[in-house]
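There are 2 protein chains.
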Amino acid sequence: MGTPDYINKIVILGAGSVATHLAIALDKSGYKISQIYSRTSGSAELLSLKINSEYITDLKHLDTDADLYIIALKDSVVECLIRKLFVNGIVVHTSGTLPMAVLKNMSSSYGVFYPLQTFSKSRSISFDHIPVCIEASDPRTLQSIRLVAQNLTDKIFEIDSEQRQYLHLSAVFSCNFSNFMYVVAADILKSRNINFEILIPLIREFLDKVSVMDPWDAQTGPAIRDDGSIISRQLELLDTFPEYKEIYRQITEKIIDRKNKENNP
Amino acid sequence: MGTPDYINKIVILGAGSVATHLAIALDKSGYKISQIYSRTSGSAELLSLKINSEYITDLKHLDTDADLYIIALKDSVVECLIRKLFVNGIVVHTSGTLPMAVLKNMSSSYGVFYPLQTFSKSRSISFDHIPVCIEASDPRTLQSIRLVAQNLTDKIFEIDSEQRQYLHLSAVFSCNFSNFMYVVAADILKSRNINFEILIPLIREFLDKVSVMDPWDAQTGPAIRDDGSIISRQLELLDTFPEYKEIYRQITEKIIDRKNKENNP
Chain A
1 MGTPDYINKI VILGAGSVAT HLAIALDKSG YKISQIYSRT SGSAELLSLK
51 INSEYITDLK HLDTDADLYI IALKDSVVEC LIRKLFVNGI VVHTSGTLPM
101 AVLKNMSSSY GVFYPLQTFS KSRSISFDHI PVCIEASDPR TLQSIRLVAQ
151 NLTDKIFEID SEQRQYLHLS AVFSCNFSNF MYVVAADILK SRNINFEILI
201 PLIREFLDKV SVMDPWDAQT GPAIRDDGSI ISRQLELLDT FPEYKEIYRQ
251 ITEKIIDRKN KENNP
Chain B
1 MGTPDYINKI VILGAGSVAT HLAIALDKSG YKISQIYSRT SGSAELLSLK
51 INSEYITDLK HLDTDADLYI IALKDSVVEC LIRKLFVNGI VVHTSGTLPM
101 AVLKNMSSSY GVFYPLQTFS KSRSISFDHI PVCIEASDPR TLQSIRLVAQ
151 NLTDKIFEID SEQRQYLHLS AVFSCNFSNF MYVVAADILK SRNINFEILI
201 PLIREFLDKV SVMDPWDAQT GPAIRDDGSI ISRQLELLDT FPEYKEIYRQ
251 ITEKIIDRKN KENNP
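These protein sequence lines map, in sequence, to chains A and B.
Quick note: the first sequence uses this note's numbering, first residue 1, plus one each step.
Quick note: the second sequence uses this note's numbering, first residue 1, plus one each step.
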C-alpha cells in the first residue's frame, strides 16, 4: 500500500463552493474525480453531473481505491468524519483553520490543500494564479500534493498549521474587514443618494498600490496626517451613524499610534 | 467681465500631488497653464518645467487674466488665501471637505473641482476614468467647469458641498481604513515570515466582487457566519497583537449586529 506517488483518481468530500471550484478545476486538469460525497444530495448531484462523476451520501459507499481524498467540508463536519473515515490514499483538507493533525487517524498519508481564495458558486474563477498552501505528514506525501497543486496554479506556498492560522486571521482583516469598510462607505453614501460605484476607481488604485508597495507606505488620509480638524469634523458627521463612530475613532487612533511608534521607537 | 463660457487659460495654485497630476492632465488636453503658484519654489519650479509654464511664489505676480484658477492646496492654506485672492475668472478648489462657499469672496464665479482619487507624485495615473465631482455658484459656471472636466474624464458627478463631506468620509472608510486592514494583515503575516503578496489575489477578488455587487452581499468570513469557535480562536491568536485585538472584536461585533438587524428589522 503506502502513498501513491502520482495522483490519478480523486474523491471529493463536500459539494459547497470550495469543493465545486476545486472539482471542476481538477477535472479540467485531467484528473479522474470518481466520487463526490455530501450528506445531502442536491449540490452533490449537480456537481457530479458537471464533471461526469458519481455522488454518494453515505460513506459506506465510498470508493476505497482513490489516490487522494479531498475533504472540503465545514470545520465542524470535518471533525465529525474523524472516527468514520479510514483510507489507504492520501487525505487532505482545505481548511484555513484546522490543524493538519486532525486527519492523522484517517490515513498514514495526510496533509492540507488550502486554496487562499473566496469562492461563490455563482462566480466562475480561474485557478491559475490562486495561491494554494500545502502541508503534509511526510516529504513523499508533500511531493504528491505539490504535483496536484502544480497542475492547478503557479502559486504554491508551503505553510505549516500554525502559520496557516495566522494566514487565515490576516485574510479576515484584509478581506472580510476591509470589505466591511466598503459596507460602511456604501451605507454612508446611500444616505446621501450617492452610488457606491463612485468609489471603485479610488479603491482600485489603493489595491494597485499595495500590490507593489508595503501597505503602510501606501497609507494616506486624515489619520496618518494627524489632521485633527478633519477628524473632528468627520466624527461630527458620524453622529448620524452612531454604529460606525466607534470604528472610526478606534482605527484612526491605531493609525496615529502606529505612526508615533514608528517615529519614536 | 463675468464668467468666460469657454476656459482657455488656467492658473494652478499649488504644486503638490493633486496640483501636479491635474496640471499635467490639463496641459495634455490642450489647456494653457499660464502659471503655477506655490509659497515655496521647489515643486512649483519642477512642475512649471514639465508643462512649460511659469511659476510664482508671490500672489502679487498673479496672472489676473486667466479664465480659471484651480486651488489645489491644503485646506488650511486655502483658508489663508481668502483675504488675498480676488480675480475675475472662475475660482475652484479641489478639496473633499471644504464647502464651496469658502471661495465666495474671491470671485463672482466659483465652484469645486474634486477629483476622487489618491495621487502620489511618483505614480503616474491616467485621468480618463477618475471620478470628478463638480459644484458651482451658478449654472453658467457649472457648465464651464463641466466642459473642463469632460476633457479629462468620462466620470463626472454633480455633488453638493454637504454630499461631498459624506463622500470624503466614505472614502476614508473604504480606502484609508481598508488599507489599514492590509497593514494589520501584513504585520501579522510578517511575524510568521509570510509575505503579504500571498493575499493579493484574494483581495483582488473581493474588489472585483464589489465592482458588480453590493458590498454587504459580498461579505464573507467568520463574523457574518457568526462562527463562534473560529472567532474565539482568532481572538486568542491576537493575544500576541493586543493593539489589533479590539479592532477585531469591534468589527466582528458590527458585522454580527448588522446581520441581526437585517434578519430582525
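Do not take every clue at face value.
Which copy? The list can't say, so a pair holds if one copy fits it or any two copies do.
Here are the simulated DSBU-like cross-link-like pairs (lysine-lysine), alpha carbons at most 30 Å apart as the crow flies [said to hold, decoys possible]:
| no. | residue 1 | residue 2 |
| --- | --- | --- |
| 1 | Lys245 | Lys259 |
| 2 | Lys28 | Lys190 |
| 3 | Lys155 | Lys121 |
| 4 | Lys259 | Lys50 |
| 5 | Lys60 | Lys245 |
| 6 | Lys245 | Lys84 |
| 7 | Lys245 | Lys261 |
| 8 | Lys259 | Lys104 |
Because the hints were derived from the structure by calculation, they are not lab data.
Hints, one by one, checked against the model:
| no. | hint | in the structure |
| --- | --- | --- |
| 1 | Lys245 <-> Lys259 | both (21 Å within a copy, 18 Å between copies) |
| 2 | Lys28 <-> Lys190 | neither (43 Å within a copy, 35 Å between copies) |
| 3 | Lys155 <-> Lys121 | within (22 Å within a copy, 32 Å between copies) |
| 4 | Lys259 <-> Lys50 | neither (52 Å within a copy, 33 Å between copies) |
| 5 | Lys60 <-> Lys245 | neither (54 Å within a copy, 45 Å between copies) |
| 6 | Lys245 <-> Lys84 | neither (49 Å within a copy, 37 Å between copies) |
| 7 | Lys245 <-> Lys261 | both (24 Å within a copy, 18 Å between copies) |
| 8 | Lys259 <-> Lys104 | neither (45 Å within a copy, 37 Å between copies) |
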